[in-house]
Amino acid sequence: MTRQDLLPGLALVAAIALPLVAPGYLVDVGMLVFFLAFIGQSWNISGGFAGQTSFGHAVFFGTGAYTSTILQITFGWNPWLAWPAAMLAGAIVGWIIAVLSFRAGLRGSYFALITLAFAEAFRILANSLPFTHGGLGMLIKADPRPANFQFRDPIWFYYLALGLCIVSLLIAWQLTRGRFGARLVAVRENEDAARALGIDVFAEKVKALSLSGAIAAAGGTFYAQKYLYIDPNIAFGVDKSIEMLLVTMVGGAGTIFGPLLGAFALTGINEATRALASVVPALKNVQPLSLIVYGVMLILIVGRLPDGLTVLFRRIRRHA
Amino acid sequence: MLDPGILFAGVLNGLLAGGVYVLVAVGLTLIYGVLHIINFAHGSLLMLAMYAVFFLWRLSGLDPYAALPIVIAAAFAFGYLLYRLVIGRLSHGRDENILLITLGVSIVIDNVALLLFGGDTQTVETPYASSFVRLGAAFLPLPKLISFAASLLICAALGIFLAKSDTGKAIRAVARERQGARLVGIDVDNVFALSYGIGIACLGAAACLLMPTYYVTPSSGNAFVLVAFTIVVLGGMGSFAGAAIGGLIIGVVESLGGLLLGEQLGQIGISAIFILILLLRPSGLFGARQ
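Chains as they are written, first to last, in the working numbering: chain A, 1 to 320; chain S, 321 to 610.
There could be a bad hint or two in this list.
Stretch by stretch, here's where chain S covers chain A in the computed footprint (C-beta under 8 Å, at least three residues) [said to hold, decoys possible]:
1. 112 to 122
2. 214 to 227
Taking CB as the label site, the calculated pair distances span [said to hold, decoys possible]:
3. S/Ser380 to A/Arg304: 25 to 33 Å
4. S/Ala543 to A/Asn78: 55 to 63 Å
5. S/Arg601 to A/Arg304: 33 to 41 Å
6. S/Ala393 to A/Arg304: 46 to 54 Å
7. S/Leu599 to A/Gly198: 26 to 34 Å
8. S/Glu445 to A/Arg274: 31 to 39 Å
9. S/Leu605 to A/Ala203: 45 to 53 Å
10. A/Ala203 to S/Val453: 34 to 42 Å
11. S/Gly479 to A/Val311: 45 to 53 Å
Source of the hints: derived by calculation from the structure; they are not laboratory data. For every residue, glycine included, the Cβ atom is placed at its ideal position computed from N, Cα and C.
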C-alpha cells in the first residue's frame, strides 16, 4: 500500500471526526458538500461515464422530492418507506426519458435540450396540478423523530449525507472497474465502435439514465426531509440541473472523485463570498460571485482541461 | 367555451408576440446554420440587450425604438468580440462541449447582471405604452403592432443583406460548405465571428422591440431560451423561413395556451411542442428529413 492510497482513508476519518470537533456551521457546510457530491454523482453516471450531457437532471431530483413528500403528506406513508418509492419513481422517469430520447436517436446537444424541456414541463405541471399544491409548494410537518426521517441534531443529516456520498463513490468506483462502466465509457467514446464490439448501446444508455434518475431522486427525498419544504422551482428549477452539471464538470466528469471535488470547490467559493459579504457591507450583494467564478471555470475546463480539477490531483500524485 | 371574439383577439395577440420571437429565433438559427453551434447563451444575451435598452432610457431618456441603431451596433460588437475572444477559441471537438461553453457564458452573464443590476424587475415607461388599436372585436396594443412590423422589416432587411451583399454571400457560402469557402479565399474565421455578431445584433433589435411591453430581470434569459430553441427546432435548425413561421406559431400557442389552460398550465405548450418535435420529427416542420 502506497502513501497515496491512504488518502481516501484519512479523508474518511477526518469526515467522521469533523462534527465532534468543528462548530455547527462547518457541520452544515460539510453536509451541503456531501449532498451536492451525491446528486453530482448521479449526473456523473449518465453525463460523465456514459457521456450523455443533461441540462435537466432536476427532473429526477424533483420527482424524488415530490414522490416521497406526496406519499408522506397525502397518503400517510412513513418517509423511510417513501424513500425507496421515490427512487423507483426517479428510475422510471429516467427510463421513460431515455427510451423516448434514445429511440428517437437524440444525441449530444439535442439530448441536453430535451432533458431541459422535460424538467421545464415537470416544473409547470407541479406548478399547476392540485396534488402537488401548485406554486405554494409542500410543507412537511416538523416532527423531529429519527423514525420520521427528521432529526433534532443536524449532525445526523451530516452523517446521512456522508453515507450517501460514500455509497455514490462506491458506485462510481464500481463503474471504473466493472463491465457495465466499461461499456458506458465505450458508448461515450464512440457509439459506432461500441456497437461494432457487440454492445447494445441503446440498452446501456437506458440503464445509465435509470440508475442516475434513482440516485438523483434519493437526493430529492433527502432534501425534502432536511428542509421540510419543496416547491416547483426548488425541485424542478433549472438552477438545480445546472448545479448538478457544474460540480461534476468542474470537478471532473467521468471520474470517481470529480463530483466531490467540484462540490468542495463550489461550496467553498460560495461560503467565501458569503463571508466576504457579511464582513464588508459594501459587498453585501456579492452572492452571484460564486456562480460567476464557477461559470468561468466551466468555460476554461471544457475548453482546456476536460478532466476537471481531478487533473490537479493527478499531477500532485505524479510528483509525490 | 370561449367566445370567438376572445379567441380571435388571442390569436392576434399571439401573432404580435410571435413577430418579435421571429427575430430572436432568426439570430439563433443563423448562428446554428453557419457555425453549427447551439448558442445556449442566446437568452442571456437577449436579457443583457434588454438591460442596455433599459439603461439608455433611464439615463438619457432615449425611447426604446429610437435606441434601435445604437443597441443593434453594440450587440453586434459584443457578439463579434465574444466569439473572437471566448467562444471561437475554446469551442472545438464534440458539439455538447460547445453547448457547455455557451452554457458557461450564460451563467456568467446572468450572474454578472444579478451582481450589477440586482434582482429587481425593470420596465421602460413610454407615452404610447397603453395606446390601443381596434381591429374588429380585438384591441391590439400599439407598441406590439409597431414591434411586430419592425421585427418583420428587420428580418426582411437581413434576408436581403444575406442574399445580395458580398458579406452575405460569404456567410451563405460558409454555411453551405466551409472547406470550399476557405479554398476560394473566404476568411472563414472572420465569417464565423461576423455571423455570431449578426445573430446577437438580432437580439439587440429584439430587445428594443420587446422593452416597451415587457420587463427585464437577470433571469429573463431563462424565460426566452426555451422559447427560442422551440421555435428553431419547430421550423428546422438553420432554416430562416422555418424560424419565421415557427415564431408566429409559438406566439399563438403561448397566447392560446394561456387563454385555454390558464396562466400556469398554459406555459406547458412550449415544452410539449419542443419535446414532441424532437422525438417525432427532429428535422423540424420545414427541414429535410434526416
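Hints, verified against the model:
1. 112 to 122: holds (count 8)
2. 214 to 227: This one is violated; 0 residues, fewer than the three required, reach chain S with a Cβ under 8 Å.
3. S/Ser380 to A/Arg304: 25 to 33 Å: violated (41 Å)
4. S/Ala543 to A/Asn78: 55 to 63 Å: violated (39 Å)
5. S/Arg601 to A/Arg304: 33 to 41 Å: Holds - the Cβ-Cβ distance for S/Arg601 and A/Arg304, about 37 Å, lies within 33 to 41 Å.
6. S/Ala393 to A/Arg304: 46 to 54 Å: violated (32 Å)
7. S/Leu599 to A/Gly198: 26 to 34 Å: Holds - the Cβ-Cβ distance for S/Leu599 and A/Gly198, about 28 Å, lies within 26 to 34 Å.
8. S/Glu445 to A/Arg274: 31 to 39 Å: The hinted range 31 to 39 Å holds for S/Glu445 and A/Arg274, with Cβ atoms some 36 Å apart.
9. S/Leu605 to A/Ala203: 45 to 53 Å: With a Cβ separation near 32 Å, S/Leu605 and A/Ala203 fall outside 45 to 53 Å, so the hint is violated.
10. A/Ala203 to S/Val453: 34 to 42 Å: Since A/Ala203 and S/Val453 have Cβ atoms about 58 Å apart, the given range 34 to 42 Å is violated.
11. S/Gly479 to A/Val311: 45 to 53 Å: With a Cβ separation near 47 Å, S/Gly479 and A/Val311 satisfy 45 to 53 Å, so the hint holds.
The structure shown violates the earlier hints numbered 2, 3, 4, 6, 9, 10.
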